[in-house]
Each structure stands twice: as C-alpha cells, then as structure tokens.
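Engineer: So the sequence lines, in the order shown, correspond to chains A and B. If you read the first sequence in this note's numbering, its first letter stands for residue 26, the second for the next number, and so on. If you read the second sequence in this note's numbering, its first letter stands for residue 26, the second for the next number, and so on.
What the hints contain is simulated information worked out from the structure, not anything from laboratory work. Since we're looking at a predicted model, the values are computed, not measured. Keep in mind that the hints are not guaranteed to be accurate.
A pair counts as met if it fits within one copy or between any two copies, since identical chains are not told apart.
Claimed, not checked - Cross-link-like lysine to any residue pairs, in silico, SDA-like; alpha carbons within 25 angstroms at most: (1) K227 - S39; (2) K76 - T330; (3) K220 - G295; (4) K38 - S83; (5) K38 - A110; (6) K337 - V320; (7) K84 - R240; (8) K234 - V213.
Protein chains: 2
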Amino acid sequence: MRIDLAAAVEWLKSRDNILILAHGNPDGDTLGGSFALLYSLEALGKRAAVKCFDEPHSKFGYLGSICSGDFAHDCVIAVDVADAALLGSGFKEMYGSKVDLCIDHHASNREFAAMTLVDPAASAACEIVLQIIRALGVKADKRIADCIYTGISTDTGCFRYANVTPRTMRMAAEMMEEGADCIRINTVMFETKTKTFIALEKLALDSLKMYFDGRCAVITVTSDMFRESGSDEREVDAIAPIPRQIEGVAVGVTMRERSDGRFKVSMRSGEEADVSEICAALGGGGHRRASGCEVAGPLEAAVKTVTDAVGKYLKENSLI
Amino acid sequence: MRIDLAAAVEWLKSRDNILILAHGNPDGDTLGGSFALLYSLEALGKRAAVKCFDEPHSKFGYLGSICSGDFAHDCVIAVDVADAALLGSGFKEMYGSKVDLCIDHHASNREFAAMTLVDPAASAACEIVLQIIRALGVKADKRIADCIYTGISTDTGCFRYANVTPRTMRMAAEMMEEGADCIRINTVMFETKTKTFIALEKLALDSLKMYFDGRCAVITVTSDMFRESGSDEREVDAIAPIPRQIEGVAVGVTMRERSDGRFKVSMRSGEEADVSEICAALGGGGHRRASGCEVAGPLEAAVKTVTDAVGKYLKENSLI
C-alpha cells in the first residue's frame, strides 16, 4: 500500500523497538538515511537499530554503527530499498516479507513492504528522511546533518546529476548550517583515490573499447586486473561513470568479472538513452541514466551479449 | 580603494558604455560573471560589452559572445581578476591601469583598479555579481541564470570544494528555478572527456611518481605526451586534481611542459598544506588549496626544483 509522508510520520510516532534495514552492498544514501532515522527516533526516546546484510565500507564509519547482534523489534523499516532482493540474499529470506514501511525514491519500487512511501522526485532517500525528521519535530543535529548530507551528495555525484532539484540544494545548505562536515565528506567520497584504485584505473582505461561509431564505450575489469592492481570489486563503482563521460558516447558500459565467472554490468547514459530499458532486456533494471544487470561469461561472450543489446536499443531509437 | 556592494551598485547605476573584462585564459567564473553583468546592464538600457585577451574555449560559447571589435567605452570593469597581469599580456598594457571597478573573490586581490569590491567568502565572483544584479533590481532570466550557475559550479568543482557555503547552495537553487540548464552545464563542464583527453590521462597516470613517503605525488605532462595523445595544454587542467586525490598525499603536483621548454606547475592540497606558500617561494601564488607557478626545464631539473620546495615546506610544517 502506498502511503504519504503524513501517514508514515503518524505511524512512526506510534511505534517503538524499530529495526531499520539498509540495502545490501550499502551506499551513502541507504546508510545515511537509515542512521539519520535512527538518531531521530532515539531523540524521541524510542529504541531502534540499523542492520545491513553486507558490511559497509570503512569510509562510511562516521555515519554510525551497524547492529551486529540481536535486536528485539516490533516493526521493520527499509530505507532506499526498491525490492526485497536488494536487502541481500540472507536478509531477503529473513526480512523480505516482514517490512512494515519502506522509504524509497526509486520509481521502480516493487512495493514489497506493507506500506510504501516513495518520492521519485527526491534525489536521494535522504531527502524523504529529512522531511520525516522535520515532521517528527526533531531538530537535525550534527550527526543527522552528516548523514543526510552524505546521502544527498553521494546519490547526486555531489550535486552533478539530473536528479538534483532546488530542494536538494536547499536541504544541503540547511545541513551545512546544522554542522555537516561537508568538506571532509566530499573529500572522502569524491576526492580520494587509493593507490590500488589508481592502478586499477590505468588497467581499466587500457581495456576501453568503442562500438557503434563511438556511441557505446565498454570498459572490462577482469579478475586478473584485480590481482595485478591489488584492488577489489568495491572500487569499480568509481570506474563506472568513465565510459559514459567520453565525448559522443550515448551508452557507457563497465563490466566487472565476479568470482563465479559471471559479469556484473553497470550501464550509464547521458540525455539520449534510457539504459534501464537495455538492462531490463538483460534481466536487470534501475534508473534511466544508471542501471545494471548480470550476464554470463566468459569475457568475449559477456561483451557480445551486452553490446548486442546496446546496439539493438541504439538502432531502435535511431541513435546510430 | 576598497568599496562595498552598495557603493559599487550606486556607481554602476550612474554609468553607461561599460567595457567588461574577463581574465586571460578565461574560465567559467570570469566569463559567467562578465556576461551576467552584461545582460543585467543591458536590461537597464545601458550599452556594454565583454572582452577577453584569450579566446574562450568553445564549451563556454553558450554564455555569450566576446566583443572582438572596437567598443567605445566610458568606463572599465574587471570580473574575477586578482591582478592586472592576469588580464593577459596585451590587455595588461592596454587596460591594466584603466580599470575603474574590479569585482573579485580572491583574498590576494592586488587592488590594481580604482575601486575594488572583494568578497573572499564568495566561492566565485559570480556570487558577488548575483548580489549586484539583485541590488540593481534586475530579475535573473535564463541567460543570467546559466551564467551565474556556470561560475559557481565551475569554481567549486560542482559544489565539492571547501569554498562552498550555504549561500552558494541557495544561489544555485535560485538559478535552477530561473531556468539554468544545470544538467547540460554540469555534463559539459564535469562529465565530458574527449578521446584525446582519455589518451593523455593514461600517459599522465603512467608518469605518476610519489615522493616523501607518499606525501607528495607528481604527474608530469611532456610535449611528447601532447603529441602522442593528440591533446593540448588546455586539457591538462582536468589532470591537475588527480595527484592530490591519492590517499595520503598532502601536496599534489602537475607539471606541464610549455612550448618554450619551461614547466607550468599546478599545485593542489587537502586540509593539511598551504600550497600558495610553496608556489610563492617559487615565484607564483594562488589559493591555499590551489596554486601555481612556473619553473625552468629540462624535466629532471624542473621536478627537482619543485620537489625540493615541497619537501622543505613539508619538513618545516612537520608534515613529513
């Protein structure tokens, strides 16, 4: 059932012992939104905890501590989770059918929760969480400001992407005034590259291939590259935007080899293409400008599967 | 003479036939501020024109047209120009001592103009220009919004750097509401890499060397690399942030070979080092986190000159 913000806030006020779930392979928005909600509920004297199936990257440590033990709860909230499967394999089984309220900004939300609060106009789930916090009458302190700013800045590529609205900018301004450590957050999230990442980036750039007269660019990151650079899969996220940034490219693809030999595909586009369509045809999904899917290896077959799908889309939409 | 915003606005109201000068090798802020001012003065029925010693990069074409012919003027304004020398060699001679009003956000402004309006708290000269436009009673239309947004976003690395304030974010929000084409501007300024740049970036990453236990990283871009990649000096600006982004680096250096065999040095730092000090010792200058200078070649000697100065600073400030 879809509900509105006022209904979600009323429901929250009436609840206690609240388990908050971030999505698996957690990013700044799911963690920032979950912890901001946690601190706000605690400010109202409620018991709450944040759990996540996967261990967050250490760079997110300042947001808060994931509850790793038992937490006796009366209700479950999911933040930034478009589908029960995205909770992570173990959590899907455990909590997938038990989420009372899902707070999300993905238009593609599958409404797996009993109540769903979705605002696709929000650049980040954190924009919705901040509105909830205001409606709960909680003042955003520095911790909450750090969380909300992190979610908004990471989900917008630091205010760069098409999902940014004037509201996004004003919420960030407000969080700065509440003490969010923006410089440090932006430095950690956007301006820091590990030496292993630099090594991986060089190898990734070497793998760059262009298709369809330069309309599609593909970077492939293999297990060998991880070994040679000392990097790992989590660092590929920062590679994903590169192919699309090349002049003339309508669809940018980054393919990373998984330990099981399958390839995880990240697809990005500018204004021209809707990559969620291409990824849906390959069994995946996501946003218009940023989507993903998985395809079978080996490398050559995986590249062919993906470029065939991209070529078909480009042709059908008169982009080549 | 330093003047305040109200005095600058009163003076502007009383003037006509106004020549506006951007700085040489123009960036988004000097051009955005100059053209926003032009459109506002024209909206008040005044004659005005923008001139610049160097031809702007074609990506700035949407901001407006530089006046290349004669423009009979009664007064001269410089926007984002900290020193007469920055007008460019030819313009320094022609206009350096004839600027009536300089609008700038550099704390280092040399006050070469008869009247100087400086606000070092402004992330961009465009923040000051927008305040002038408001005080003039001109409504920011789409053209002005594009100009102001461009100046603010380019001078803050798209709202990423330490110079961003809540005011910066709110001004950007307002410009979005006035119709600024933010997505397209951000795509052009931050999300587009030419194929020649990608080729140059690979070569530049290959040149990366670390000094002083990883506290200083140096990238050198030689004339050979320009030839091999097909890129040119203007594309090096986007390389300059890379060395500083490496984990543990306090001072990041990018050195590009000029046609005369000298090296132009771009120095960047995070929170720890004040690179304007290091560059000043080498005859250059700039901001705390972003400065520049020039040193004599050949390559090995140039690198030694720069790393010696960096090492001295790091030692004196207990950063190594």
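Engineer: Next step is simple, just say for each hint if it's right about the structure.
Structural biologist: Status of each hint after checking the structure:
1. K227 - S39: Neither. Shortest intra-copy (53 angstroms) and inter-copy (57 angstroms) distances fail the 25 angstroms Cα cut-off.
2. K76 - T330: Classified as neither: same-chain Cα gap 36 angstroms, cross-chain 53 angstroms, threshold 25 angstroms.
3. K220 - G295: The answer is between: 17 angstroms across copies meets 25 angstroms, while 29 angstroms in one copy does not.
4. K38 - S83: Intra 32 angstroms, inter 56 angstroms, cutoff 25 angstroms: neither.
5. K38 - A110: For K38 and A110, neither the intra-copy (28 angstroms) nor the inter-copy (63 angstroms) Cα distance is at most 25 angstroms.
6. K337 - V320: within (17 angstroms within a copy, 53 angstroms between copies)
7. K84 - R240: Between copies only: 20 angstroms across, 35 angstroms inside.
8. K234 - V213: Intra 30 angstroms, inter 22 angstroms, cutoff 25 angstroms: inter-copy only.
Checked against the numbered hints above, the structure violates hints 1, 2, 4, 5; every other hint is satisfied.
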